[in-house]
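This is what each chain is made of:
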Amino acid sequence: MDPTVRLTDVSRRYGRAVVLDGLSFELRQGIVALLGPNGAGKTTLLKLLSTALSPDDGEITVLGRRADGPLADRIEIRRRLGFLPQEVEFPSSMTAFSFLDYIAVLKEWDDRRARHDEVRRVLQVVGLDDRPTIKVRKLSGGQRRRLAFAQALLGRPELLVLDEPTTGLDPEQRATFRATLSGLGRAATVVLATHQTEDVAAVCDRVLVLAAGRIVFDGDVAAFVGTAQGRVSLHERTAPGAVASWRDPGGRVRSVGGTPAAGAEAAAPTVEDAYLLLVGPGALRGGA
Amino acid sequence: MARDRAFDRWDDAALVAAIAAEDTAALRCLYDRHAPWLVARLRSRCYDDALVADAVEDTFLAVWRTAARWRGEGDVGAWIWGIGIRRLVTHLRRAGRQARPAPLPATGTARSAEELVVEQIGLSDAAVALTKLSPELMEVVQAMVFDGLTARETGRLLGLPEGTVKGRIRKAKALLRAELRRPALELGELR
Amino acid sequence: MSGWHIDERVAAAYAARMLGTVERASVEAHAVRCDGCRSRIGGLSVRPDGALDPERLWARIETRVVEPPIGRLTSWLLRLGLGEPDAAVLRMIGAQSRQWTIASTLVLALSALAAALGPVSTAPAAFLVLAPLLPPLGVAATYRAMPHGMSLLETTSPYQPARMLLWRTSYVVATAVPPAVALGAVVLARPWASVGWLLPSAACTLLVIAATTWTDPMRPAVFVSLGWAAVVGCWQLRETPWAINAPTTQLTALAVGCAAAVLLQRRLHSPADVSSIHRS
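So the sequence lines, in the order shown, correspond to chains A, B and C.
Be aware that the first sequence starts at 1, since it is given in my numbering, and climbs by one per residue.
Be aware that the second sequence starts at 1, since it is given in my numbering, and climbs by one per residue.
Be aware that the third sequence starts at 1, since it is given in my numbering, and climbs by one per residue.
For reference, chain A alone in the conformation it holds in the complex:
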């Protein structure tokens, strides 16, 4: 089967700043997590995948068409694409239903009846079906995020590009979101940019780590966690040179990286450990 997405030597610059530097990879059906500190180029990469931007160099093929090609090709891609931007500001006078209705119009749902049925379907998927007529400005942050997610699901796209879909969701909503997402991952290709490493462990099949415009890791989740094997320790004190450390529920200090003191106990690594070791402490303050 052909890959859903293929990037070959893709670069993108803003003025003189190089945001993405010669990326090459392929994506197939399943959920891939895109990790990286803020400013690593995640959002730019997602805009390239969703045809909102074109690369300065290189080729992007999405669903068999050139994303940097003629308009007809890009429109064909857009028909089969769902995109959740990092921030969606809604026109304040709209209701949840009318917002989705408008996006569905843009997505060529021309038949009013079928369109309204589709809007109801996605409202149900994100759990907003009991308040479809409520004005968007009266929705909570989490509800707005779910509404924005709902529009990406219109028409059951083959490629879903999600830029930090779980910001603003409470733990319960995140659990629901994960369940929805794993369902989607069985049929579609999902690219999920996130800072929530727990989401990665729970639903993703593969991890791509982007740092300073380059891919620094590409592999399955187990392999990613494996990179931290033997480098996480539990002891009374922080291991010297540790990238990060915090108190674990047992009262001991969990150190990631560094040189464990004599008598320190080895701990099973997590996605977060692997991420911290890979991207370093400088990324921490960036919000990763």
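A hint or two may mislead.
Unchecked claim - Within a straight-line C-alpha distance of at most 16 angstroms, the following computed EDC-like cross-link-like pairs (lysine to aspartate or glutamate) qualify: (1) A:K138 to A:E89; (2) B:K171 to B:E136; (3) B:K166 to B:E136; (4) A:K135 to B:D23; (5) B:K173 to B:E136; (6) B:K132 to B:D75; (7) A:K138 to B:E179; (8) A:K135 to A:E89; (9) A:K135 to C:D53.
None of these hints come from the bench; they were simulated from the model.
Take the given structure of chain A and dock chains B and C to it, following the hints.
Chains B and C alone, transformed into the frame defined by chain A:
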């Protein structure tokens, strides 16, 4: 739309408050509770099911839109009925028809059914007296007393000037009083 | 309530509409206060078929509650022969452009006021600067007024960018041009001058639109505005205030407009960068 079973335990006033907060599941619950009875009542006043359906649809739409303005005075059922009968009147008028009391089928079963009621409910003297009113007076009494319409709405419903409606209701009262030879007090509801 | 309830046969007779007015009223008088009898009679009256099927009736109610009604504007557009989806897009553009509509109305009202109160000679000049710039500024404004994120969703949807542009421009032209023409007829008091500005205005609009495929729409809008103001200023200085009606002016406007249109067409279908309109 998913039905929310939690609402089944709520009372009507709480449901209306939830509807005012634009909860469609609450409207569904109120519909389940009140629509069958509303349909039954409206059907007994109009033989065209399509018009009854239109009226019920409009009624619950009005409930949805005006729930925020309902001040919690009185019974929710009565409020819904008040909207329902008026919407029916509107639809009947639009269809060019008048809501004459549904004619009784002239079969034996009808008679016996009426007797059944008399037998079970034990019609009061006042009720017996009512049955003696002429159809013209009876339809005015039905609209104003039983259905709770104003003289003006009754006039629109029956295609009569408001003055005629008022005249007829006065006449009906006088006749009933004479029939019963009782003080007007007893007929308080015939104001 | 008392232990008395409506007899099963009476309830059935009520549901079957076989009672007279008085009996019916008796049944109702009891049932409105008795939940049990009410739901029993209600249950007997349920028609599982036809218009009164409870589920079907609910579906009708729910549709009207949930789905946005076809408004007056939309039904008017539909009567004009527009498709329902296009009408929805236009409605959205209108909803997002209220501020613009208010602003353009204000500008026109102010120039009318200036014409009524100010010196006679300056009124036509002010009008000739302002009126032709309303459409290009308006198109730029409708793109700028869109919340960020929404514009990304629009860009990444399969809706044709050219079509979106057409609706935005149509909206602005339809709301700004007729009042401007009417005002021009009064202010300019010359039959041809009141429509003479339309072609230059169209050229300015196309220029702005073509330029917005590269950059933020406000930049070309400001640039073109300054350019146009300079042209009108020149006419005033040379004391040829009616040069707008001269064949050279009209032909130049036509040429510029055509060139901009060709450029726009190329840009919209070019593979370079964002093919649609740029939004910052």
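Now for the hints, and whether the structure bears them out:
Of the pairs offered as hints, the one joining A:K138 and A:E89 holds, with about 13 angstroms between alpha carbons and a cut-off of 16 angstroms not exceeded. As the CA atoms of B:K171 and B:E136 are separated by approximately 11 angstroms, the hinted pair is consistent with the 16 angstroms bound. Restraint check for B:K166 and B:E136: satisfied, since their Cα atoms lie roughly 12 angstroms apart, inside the 16 angstroms limit. Between A:K135 and B:D23 the alpha-carbon distance is near 12 angstroms, which keeps this suggested pair within the 16 angstroms criterion.
The suggested pairing of B:K173 with B:E136 holds, with an alpha-carbon distance near 13 angstroms, which does not exceed 16 angstroms. Among the hinted pairs, B:K132 with B:D75 is inconsistent with the structure: their alpha-carbon atoms are about 32 angstroms apart, more than 16 angstroms. With a CA separation close to 61 angstroms, the supplied pair A:K138 and B:E179 exceeds the 16 angstroms bound. Among the hinted pairs, A:K135 with A:E89 is consistent with the structure: their alpha-carbon atoms are about 13 angstroms apart, no more than 16 angstroms.
Proximity of A:K135 to C:D53 is assessed by CA-CA distance (about 31 angstroms); at most 16 angstroms being required, the pair is judged violated.
Against the hints set out earlier in the document, violations occur for numbers 6, 7, 9.
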